[in-house]
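Engineer: Here is how the chains run, residue by residue.
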Amino acid sequence: MIGHYVAKHAAKLVLLGLLCAVAVYVCVVLIGMEAYGVAALPLLGAGLITYIFLSEKRYPLRWLVPGLVFLSVMVVYPIGYTIVASFSNIGTGHMLSKEQAVTQLLSRTYAPDDAVTYTYIAFADTAGTVALVLQAENGWILYRDGVASAIDPSDARLVDEDGDGAPDRFSDSVRLSIPQIVPRLSEFEAYRIEYGGTLIGLENLSQFRTRAPQYAYDPESETMTDQTTGVVYTALDGIFTAENGDEIYPGYWVWKGLANYVALITNPQVSGPFLRVFLWTFAFAFLTTVLNFTLGLGTAILVNDPYLRFRTLYRVILVVPYALPAFVTILVWSGMLNQHFGIINQVLVDLFGQGARIEWLEDALMAKVSILLVNLWLGYPYMMIICLGALQSISPSLYEAARVDGATWWQQFRKITLPLLLMPLGPLLVGTFAFNFNNFNLIWLLTEGRPPIAGAMTPAGHTDILISYTYRLAFEGARGNQLGLAAAVSTMIFVIIATISAFNFRMTGALEELSKNV
Amino acid sequence: MYNKHTLLGGLWRHALILFLCAFSIFPVLWVISASFNATDNMQLQQLIPPRPTIDHYRQLFTSDRYKFASWLINSLKVTLITASLTVVLAGLGAYAFSRFRFKGRRVGLLSLLLIQMFPQMLAMVALFLLVLSLGEIFPWAGLNTHTAIILVYLGGAMGFNTWLMKGYFDTIPRSLEESAKVDGATPFQAFYKIILPLARPILATIFILSFITTYGELIIASILLRSNDQFTLPVGMHLMIADQYSQRWGMFSAGAIVAMLPFLVMFVLSQRSLVSGLTRGSVKE
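Chains as they are written, first to last, in the numbering used here: chain A, 1 to 518; chain B, 1 to 285.
Treat the hints as calculated values from the structure; they're not laboratory data. It should be emphasised that the depicted structure is a prediction, and the values quoted were computed from it without experimental measurement. Every residue, glycine too, gets a C-beta built ideally from N, C-alpha and C. You may find that some hints are simply not true.
Calculated from the model, a selection of chain B residues having no Cβ within reach of chain A, i.e. all distances over 12 Å [stated by the list, open to error]:
1) Arg-13
2) Ile-73
3) Asn-144
4) Ile-172
5) Pro-201
Think about it this way: if two alpha-carbon atoms lie no more than 25 Å apart in a straight line, the pair counts; the simulated SDA-like pairs of lysine to any residue are [stated by the list, open to error]:
6) B:Lys-103 with A:Val-69
7) A:Lys-57 with A:Val-69
8) B:Lys-67 with B:Asn-228
9) B:Lys-103 with A:Tyr-51
10) A:Lys-368 with A:Leu-264
11) B:Lys-4 with A:Leu-313
12) B:Lys-4 with A:Ala-402
13) B:Lys-193 with B:Gly-167
14) A:Lys-98 with B:Glu-136
15) A:Lys-12 with B:Glu-136
16) B:Lys-4 with A:Trp-410
17) A:Lys-12 with B:Arg-101
18) A:Lys-368 with B:Asp-243
Make a model of the complete structure from these sequences and hints.
Structural biologist: Written out as structure tokens, the structure is:
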């Protein structure tokens, strides 16, 4: 019976076995990396998948596993992590855990005053295994396979072939010349040779020297004491800091509670630029939606006219910006708007003289105008298309009735067209708002958020929107990567988007309708 | 709402539309012209090139400074793999949601809907750290690899596409598979042999949608890809224009034209299958 089952499901069992093996491997590696918090996750995941594929009762879930794995690892986990990280100071200089940072600092050494200097000879056998002989006046030391022991200069394993007093071979290992040593220096540098209660480390190309740990750590008081100077460094906000403000890098990450959010709102050097970026994000998303919709609707009304000749041709030409990849056309626009060489300024100068040159992308106000203009170009064809569809679904009899009652064109537009359009298009307009709220490509490819806001402690520009500001904080800052602060901005955007979506669902009743259908 | 035009009425309408057409198409004509113009200098360019040449295209593919050919291949590779796998993954999930009744189905569908509302790129900090540590375990899936970026894209595409596909599967009558099951087909055979051929339009739609979004993705690619020869087109071309481009405008323009082509092909294809997709606002804006 069991044999039959195994035969029938051999492939499946082998694959599941492989999966579990990989999970165990990842778990072991994670433990090796001291990432205890997540080490159990691969095992849990693999266990769950194995259960789903072996249990007949859970058959439908088998179909969902592939998609869910990606969704949970690449979307759910990162979103959760972002929210958690926003309560920490993780970033450049604060990437390690406290234990890792302490271990790293404790491995640092210095040469004490009574240090003994050793010259050395390095040997390597055919397999590349290295043996070192350290020579000092008080005796020689053999260091091999991570173990140090005393060795007598007359030891039989040391063979002096040319009789110059220096050994050329160590049993079957051959002496390395200086050029052969150079590529191995980083390997030698990592050696911490423990011998007779002292520590010996590489000093320079030709010497080793006794060394002592530079720092002593007291876990009780959480202080690091520098053995060379006697200065005491206290753990403070994720970095060991002396009384005079000196810090020892690397630091480590610590929980900061709401500090990142508080800084965004109350620290004037952070909150000033942040508030500007925040307001501009809303203004941009709102204005661009209104502008694009207005021009799109106007164009749609124009080309929907049955008496207009060439209207099919016009529609095809008008839709061109929508048919091309935005990342390319935004870059083309940034060339056309170039202050010195761009075609637009050239035309202006030709027509009106040098005074007409406009700082399209350099001036704070004009850069915002340029962004709206380019996004209008990119977005109004889409609005035209959806408006055309909606216009055609309005019954002509409504207009006829209005005309019989003597309504003017404007009255027909106000009382019939607009209300009947806004009903189906409302959710799409909210969607456009939400899309532009995070329209990173437009900002980044056109202005990179420039021009910069003067006096900002965090990097921010006049045209930055929240998402490009987040990107800057996380990956482009002059003060390194402020990942914790960036995560806090991300989390705020999450909240804003959730609010907009809730509003959209409430308005359209889409959620109720969907949950009826599921 | 519309009347026959008077002469004047016809005139201003055409004038207005021609102005809009010029607005829409000028940048495109300008960049096409620049790509064939003999001069590389933006300021000397004329709209009708006096001596048209394909030199810029040749430079583009032989330049040492920019690895345009690699970017193009990288972009196509990442986009095609992502789009294909998205179709497969979304198809499997959508079939389960559409055809099986199981515990957690309703919760699953609604959570998918909620999750897909949050743009994945907002979690950029976490994605960066995740891929960084992934690379320490599996170097072939770490920073600066296409594997990593495809894995990230696949996650981001799941929610929306599963919903879209499920909606379509719901419209295919169940009786078709039931008769197949009577003949002894397993659920997978019914899915593969009956549903998939019938669902070809939605498979094409999702492939195209995924292609279009992935092709222009900039932020995750900028974070994860580090070296010139691994860049995708958006990252590479951004680099190209950040760097003294007014003196290499011809080459940039040639690159722009080449980069537009795959997208344009997809757009034209999409017009057949995407008509309903457009009105749902499911494509880029």
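Engineer: Compare the structure with each hint and give your call.
Structural biologist: Each hint tested on the structure:
For Arg-13 of chain B, the condition that its CB be more than 12 Å from all CB atoms of chain A is violated, with the nearest at approximately 6 Å. Under the 12 Å C-beta cut-off, the non-interface status given to Ile-73 of chain B relative to chain A holds; the minimum distance is some 16 Å. The non-interface label for Asn-144 of chain B is consistent with chain A: the shortest C-beta to C-beta separation is roughly 14 Å, beyond 12 Å. The non-interface label for Ile-172 of chain B is consistent with chain A: the shortest C-beta to C-beta separation is roughly 15 Å, beyond 12 Å.
A cut-off of 12 Å between C-beta atoms confirms that Pro-201 of chain B is not in contact with chain A; the least separation is 19 Å. For the given pair, Lys-103 of chain B sits about 19 Å from Val-69 of chain A by alpha-carbon distance, which is consistent with the 25 Å threshold. Taking the CA atoms of Lys-57 of chain A and Val-69 of chain A, the gap is about 20 Å. The hint holds against a cut of 25 Å. At roughly 7 Å between alpha-carbon atoms, Lys-67 of chain B and Asn-228 of chain B fall within 25 Å of each other, so this suggested pair holds.
Straight-line distance between C-alpha atoms of Lys-103 of chain B and Tyr-51 of chain A comes to about 16 Å, which keeps the hinted pair within the 25 Å bound. For a cut-off of 25 Å, the pair hint linking Lys-368 of chain A to Leu-264 of chain A stands: about 23 Å separates their Cα positions. With a C-alpha separation of about 20 Å, the suggested pairing of Lys-4 of chain B with Leu-313 of chain A holds against the 25 Å cut-off. With a CA separation close to 18 Å, the supplied pair Lys-4 of chain B and Ala-402 of chain A stays within the 25 Å bound.
Under the criterion of a C-alpha separation no larger than 25 Å, the hint pairing Lys-193 of chain B with Gly-167 of chain B is consistent with the structure, at around 19 Å. A hinted pair counts as satisfied when its Cα atoms are at most 25 Å apart, and Lys-98 of chain A with Glu-136 of chain B qualifies at roughly 20 Å. For the hint linking Lys-12 of chain A to Glu-136 of chain B, the alpha-carbon distance of about 29 Å lies beyond 25 Å, and the restraint is violated. With a C-alpha separation of about 17 Å, the suggested pairing of Lys-4 of chain B with Trp-410 of chain A holds against the 25 Å cut-off.
Taking the CA atoms of Lys-12 of chain A and Arg-101 of chain B, the gap is near 24 Å; set against the 25 Å cutoff, the hint holds. At most 25 Å may separate the alpha-carbon atoms for a hinted pair to count; Lys-368 of chain A and Asp-243 of chain B meet this at roughly 23 Å.
Violated hints, in rising order: 1, 15; the structure is consistent with all others.
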